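J.: Sequence:
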Amino acid sequence: MTDEQERVQPSGVWATAVGVARVRALETQRENALFRDPLARAFATAGGLWPSSPPLPDDEAARRRRLAVAFSIVIRTKFLDDLLQQASASGVRQVVLLGAGMDSRAFRMDWPEGTRLFEVDTAAPLDFKAGVLRQEQAVARCERITVAVDLREDWPAALAAAGHDPAVPTVWIAEGLLIYLPEDAVELLLSRISAQSAAGSRMGLTLGSRGVIERFGADAVPGSAASMWVSEMPDDPVGWLAGHGWEASTHTLRERAAAYGRPIPTPPQREERPGGLISALRP
1 MTDEQERVQP SGVWATAVGV ARVRALETQR ENALFRDPLA RAFATAGGLW
51 PSSPPLPDDE AARRRRLAVA FSIVIRTKFL DDLLQQASAS GVRQVVLLGA
101 GMDSRAFRMD WPEGTRLFEV DTAAPLDFKA GVLRQEQAVA RCERITVAVD
151 LREDWPAALA AAGHDPAVPT VWIAEGLLIY LPEDAVELLL SRISAQSAAG
201 SRMGLTLGSR GVIERFGADA VPGSAASMWV SEMPDDPVGW LAGHGWEAST
251 HTLRERAAAY GRPIPTPPQR EERPGGLISA LRP
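Counting in full-length UniProt numbering, the sequence shown runs from 1 upward without gaps.
Accuracy of the hints is not assured; some may be wrong.
Listed below are the simulated DMTMM-like cross-link pairs for lysine to aspartate or glutamate, each with C-alpha atoms no more than 25 Å apart in a straight line [stated by the list, open to error]:
{"id": "1", "residue 1": "Lys-78", "residue 2": "Asp-184"}
{"id": "2", "residue 1": "Lys-78", "residue 2": "Glu-113"}
{"id": "3", "residue 1": "Lys-78", "residue 2": "Asp-154"}
{"id": "4", "residue 1": "Lys-78", "residue 2": "Glu-143"}
{"id": "5", "residue 1": "Lys-78", "residue 2": "Asp-110"}
{"id": "6", "residue 1": "Lys-78", "residue 2": "Glu-255"}
{"id": "7", "residue 1": "Lys-78", "residue 2": "Glu-31"}
{"id": "8", "residue 1": "Lys-78", "residue 2": "Glu-247"}
Label-pair distances were calculated between CB atoms; the ranges are [stated by the list, open to error]:
{"id": "9", "residue 1": "Ala-158", "residue 2": "Glu-113", "range": "36 to 44 Å"}
{"id": "10", "residue 1": "Ala-89", "residue 2": "Tyr-260", "range": "13 to 21 Å"}
{"id": "11", "residue 1": "Gly-48", "residue 2": "Arg-134", "range": "13 to 21 Å"}
In short, the hints are calculated from the structure, not lab data.
Since we're looking at a predicted model, the values are computed, not measured.
Idealized CB from N, CA, C, for every residue including glycine.
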């Protein structure tokens with residue numbers, strides 16, 4: 001059988017990773033793209049989302065919400081790319097992508113010699129991804145190590161068995177992940193990350209901003225990404241992360257979009273709260 005015939009089609013939460021890949025593929029086609037992801041189109045195609053995708057809703061409000069989600073994916077991707085480059089420049093050579101999905105940073109970014117990048121996810125998305133990577137004959141630009149484990153299980157043990165060294169700094173990325181986890185699971189995840197983080201470690205998180213579930217999830221189509229969102233960031237994310245031993249900064253989508261030359265043209269409809277793009281340092 002070919003990889004295409006054997007490939008298990010996306011389902012559940014991890015299917016949203018293919019939707020993210022489609023957004024990244026569309027961004028890659030832009031003349032002024034904030035990043036280039038040459039594998040994104042292949043992931044979207046394999047998942048049945050390229051060249052077409054489900055039509056935009058007839059309801060104008062729902063259409064705007066869907067476009068807003070796509071815009072946020074573009075901005076958060078650029079934000080975390082920058083964070084990873086800064087971590088590498090500071091000497092960090094260990095990278096862990098939690099809930100890696102269709103992330104292709106191992107293949108599309110320039111990494112210093114000696115970088116080890118761990119992709120942690122369940123077996124189904126990793127197997128799907130492996131088939132596409134073979135098809136595309138993709139070659140990683142660093143040492144790439146996949147760790148097939150459910151984040152509800154003892155993933156630190158699986159990560160350690162794969163070669164992660166908690167005694168040296170790590171840069172952790174949890175992109176588009178925490179919003180799908182209940183609050184107790186988010187707390188456990190942060191506790192586990194902190195226990196595996198030496199001084200000098202970095203972390204990049206995306207969190208659902210306050211009120212996002214009410215605005216986007218209330219009338220979400222069953223099976224859509226928004227229908228599976230369950231948690232938002234705390235009112236004081238900096239204080240929350242300080243309790244886990246991290247010095248954090250928060251950034252709003254609006255301020256990062258403006259910094260990247262992609263400003264949001266409409267004024268905020270509500271009071272700006274701490275943003276859901278988080279960068280953190282382990283002192």
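J.: All hints, please: hold or fail.
T.: Now the hints, each set against the structure:
no., hint, verdict
1, Lys-78 x Asp-184, "violated (29 Å)"
2, Lys-78 x Glu-113, "holds (22 Å)"
3, Lys-78 x Asp-154, "violated (30 Å)"
4, Lys-78 x Glu-143, "holds (22 Å)"
5, Lys-78 x Asp-110, "holds (14 Å)"
6, Lys-78 x Glu-255, "holds (13 Å)"
7, Lys-78 x Glu-31, "holds (15 Å)"
8, Lys-78 x Glu-247, "holds (21 Å)"
9, Ala-158 x Glu-113: 36 to 44 Å, "violated (26 Å)"
10, Ala-89 x Tyr-260: 13 to 21 Å, "holds (19 Å)"
11, Gly-48 x Arg-134: 13 to 21 Å, "holds (19 Å)"
Going down the numbered hints, you'll see the structure goes against 1, 3 and 9, while the others check out.
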